[in-house]
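These are the residues of each chain, in order.
2 protein chains.
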Amino acid sequence: MTVIKLEVMQPPFQTRREFIKNSTITAASLPLLGAFSTTAFAADADRKLGFALVGLGSLSTNQIAPALQKTKYCRLAGIVTGHPAKAEVWKAKYNIPDKNIYNYDTMGQMADNPDIDVVYVVTPNALHAEHTIKAATAGKHVLSEKPMEVSVEKCRQMIDACQKANRQLAVGYRLHFEPNNLECVRLAREKVFGDVKMIQAGFGFRSGDPKQWRLDRALSGGGPLMDVGIYALQATRYLTGEEPVQVSAVASTTDPVKFKDIEDCITWQLKFPSGILANCSSTYRSNGLNHYTAFAENGWFGLGPAYDYSGINGRRSDGKAITFAPIDQFTAEMDDFAQCILNNQPTKVSGEEGRRDIKIMMAIYEAAKTGKTLSLA
Amino acid sequence: MTVIKLEVMQPPFQTRREFIKNSTITAASLPLLGAFSTTAFAADADRKLGFALVGLGSLSTNQIAPALQKTKYCRLAGIVTGHPAKAEVWKAKYNIPDKNIYNYDTMGQMADNPDIDVVYVVTPNALHAEHTIKAATAGKHVLSEKPMEVSVEKCRQMIDACQKANRQLAVGYRLHFEPNNLECVRLAREKVFGDVKMIQAGFGFRSGDPKQWRLDRALSGGGPLMDVGIYALQATRYLTGEEPVQVSAVASTTDPVKFKDIEDCITWQLKFPSGILANCSSTYRSNGLNHYTAFAENGWFGLGPAYDYSGINGRRSDGKAITFAPIDQFTAEMDDFAQCILNNQPTKVSGEEGRRDIKIMMAIYEAAKTGKTLSLA
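In order, the protein sequences belong to chains A and B. Counting the first sequence from 1 gives a position; this note's numbering is that position plus 587. Counting the second sequence from 1 gives a position; this note's numbering is that position plus 587.
There may be inaccurate statements among the hints.
What the hints assert, rightly or not - Dumping the calculated BS3-like pairs for lysine-lysine here, alpha-carbon to alpha-carbon at most 30 Å: (1) B:K946 x B:K847; (2) B:K956 x A:K946; (3) B:K956 x A:K956; (4) A:K956 x A:K847; (5) B:K959 x A:K956; (6) B:K778 x A:K847; (7) B:K778 x A:K845; (8) B:K778 x A:K798; (9) A:K959 x B:K956; (10) A:K959 x B:K946; (11) A:K959 x B:K959; (12) B:K847 x A:K959; (13) A:K847 x B:K959.
Stated by the list, open to error - Calculated from the model, a selection of chain A residues having no Cβ within reach of chain B, i.e. all distances over 10 Å: (14) G637; (15) T648; (16) A674; (17) A679; (18) Y681; (19) K686; (20) N690; (21) Q696; (22) D699; (23) Q744; (24) N753; (25) A805; (26) D848.
In short, the hints are calculated from the structure, not lab data. We treat Cβ as the ideally placed atom computed from N, Cα and C, and that holds for glycine.
Using the sequences plus the hints, can you model the full thing?
So, in structure tokens, the structure goes:
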């Protein structure tokens, strides 16, 4: 069996309490989960960290900018865009001063701009390293959208750049702050239904515009696995609290005209150290694949939809529903990162966490390409 | 990629009408599906074929014998058992004459017994060939429980023995007669939601008695894959109407004390010629895994529970439920086989169909063992 070296890292969270201890926002949103250690907020609680958004596409426009308005510890301070017309719209809408508006060539100049504390990189996957490194070099903390990048090496460069600049790096894993997902982590880790034995997880949708960057491997790094399959992969990791030791995969491109150089359907299987098997799917060809279920010794539980911005809910084998009220996940994610920065605490959605997913996804692609089950040692 | 030769066979059914044309019972049970060709019943409709059950375990006792009482074209004529005490109970309960009661050594003598037309083999998996060959050699038609056997070679011997004796051979794939499953076949084949692109399917349960033959590889041929995973495999084949061309698998034994020489969890992935990917799971460690969902271009549909004796129902992405009234699947299966025999028509659940599953399951085990994706050519 081919062995790919995957440095064994501390799992991102080991227990429910560890999972949420840095997330005061989430804790406050989860009264049903019981008592928490309520980490004191930053002494400088009045200070709102200035965020600059890099890349003003749909996600920034429809999710992140509105979410920023609801944060407690953040504010939309600046933008980086290659489109002057977009800059004008955002400037007017969010009252952004000219001095805080950059393009990709000038963004390094934000080193001199104290308004901007954090750069949120929302550009195509293969540009995350470039923009993260520019931001870190300019002395800014960085929140990068997922997937972190398109290769392990580029993830490493991002981590190194932030370490060198003594700045924090986080990856936009919003579901680490979502209460229904947190509840499933609790059910798994506290063994409410006994040991989890198998997990099924899938996330896909029917991809629209054939000209979008996500269908261009050079920018996306791959197909639905990179875009949404990563959520299913993440789920298997945060449910188990383990790192996979074995991976096999099968990929398919059922519409090679539209999906020229990426898969449009992919399945992969993971074996975890405890023997838990996870069976995952992702697709750009069909809507409705949006779930996970954990099968444990004494029952099962899961979510469906599991990964949406809102409407997440689930079921348990004892008939109980999993229906925590939705929160704005981006608001929670950004406030948590701001708290980590203000309190000088590590983020649970670190660059290392992002790099680990990229490593596994590259192994999934390698397994699909070579037809070999890969050992992740 | 390692290539395993899988003779390409005519898919078991190509269209809804083909799927059910030999199944008058099912057709009659499916008024909502619309108009059917109502194959004329046998001219000799008064004749009920005499069935002998080989192996009087739980399945024969609780499902098959009661189902036989409800058949139109069959009757419980005889039994084969190694337990004289069981023979006494059955003899009294079902009024079986002494001359129709055999043990495994004497069952060849049924060649002289015109009461027995069909032998239904309900013994442990690794004994199906022995009992099938004895029955065929005695001039009887044979219905074998699934999985057909524990090796492709033994399946071949069963097929050859029945062909040589000019007797029909069927495998107990009861879901080929179950209306909710038939409806899903129709939804897939008639492309009601467009082309199916991905399928998720799983069947498992928490295995009880550690002394049962199913946990003994010599008798079972394997773990949950052989016992119940076969239903998920079957589902992917009858939904697609295609034969898989590629298989990868990962297996795990999380309780090696109880499950000494078999897997207790397994996942496998199939690629079909059209590019459809199927992602399947089976386990002996958890209840609740009992479903399939087909993800198509314009929606999805599936069943859960999908494989039970009753209570099967499902959902569609358009909000409609799939809720055909339950039938006794064993009654339908046996009456269908009787009709095939009486009308000299081929059964849709043939020995070849059974052999194909065994071939694929052996490839699944090989893929799991070697860590190689196997090509089924």
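Evaluation of the provided hints:
1. B:K946 x B:K847: holds (24 Å)
2. B:K956 x A:K946: Status holds; Cα separation ~24 Å.
3. B:K956 x A:K956: Holds: K956 of chain B and K956 of chain A sit about 19 Å apart, inside 30 Å.
4. A:K956 x A:K847: Between K956 of chain A and K847 of chain A the Cα gap is close to 16 Å, so the pair holds against 30 Å.
5. B:K959 x A:K956: It holds: about 11 Å lies between the C-alpha atoms, which stays within 30 Å.
6. B:K778 x A:K847: holds (25 Å)
7. B:K778 x A:K845: holds (21 Å)
8. B:K778 x A:K798: holds (27 Å)
9. A:K959 x B:K956: Answer holds: K959 of chain A to K956 of chain B is near 11 Å, not above 30 Å.
10. A:K959 x B:K946: Status holds; Cα separation ~20 Å.
11. A:K959 x B:K959: holds (5 Å)
12. B:K847 x A:K959: holds (26 Å)
13. A:K847 x B:K959: holds (26 Å)
14. G637: holds (43 Å)
15. T648: holds (28 Å)
16. A674: holds (39 Å)
17. A679: holds (40 Å)
18. Y681: holds (38 Å)
19. K686: Non-interface label on K686 of chain A holds, nearest chain B Cβ at 49 Å vs cutoff 10 Å.
20. N690: holds (40 Å)
21. Q696: Q696 of chain A is indeed farther than 10 Å from all Cβ atoms of chain B, at 47 Å.
22. D699: holds (51 Å)
23. Q744: Correct as stated: the minimum Cβ-Cβ distance to chain B is 32 Å, above 10 Å.
24. N753: With a cut-off of 10 Å, N753 of chain A remains clear of chain B, as the shortest Cβ separation is near 42 Å.
25. A805: holds (23 Å)
26. D848: Nearest chain B Cβ is 16 Å from D848 of chain A, so the label holds.
The structure is consistent with each of the numbered hints, conforming to all of them.
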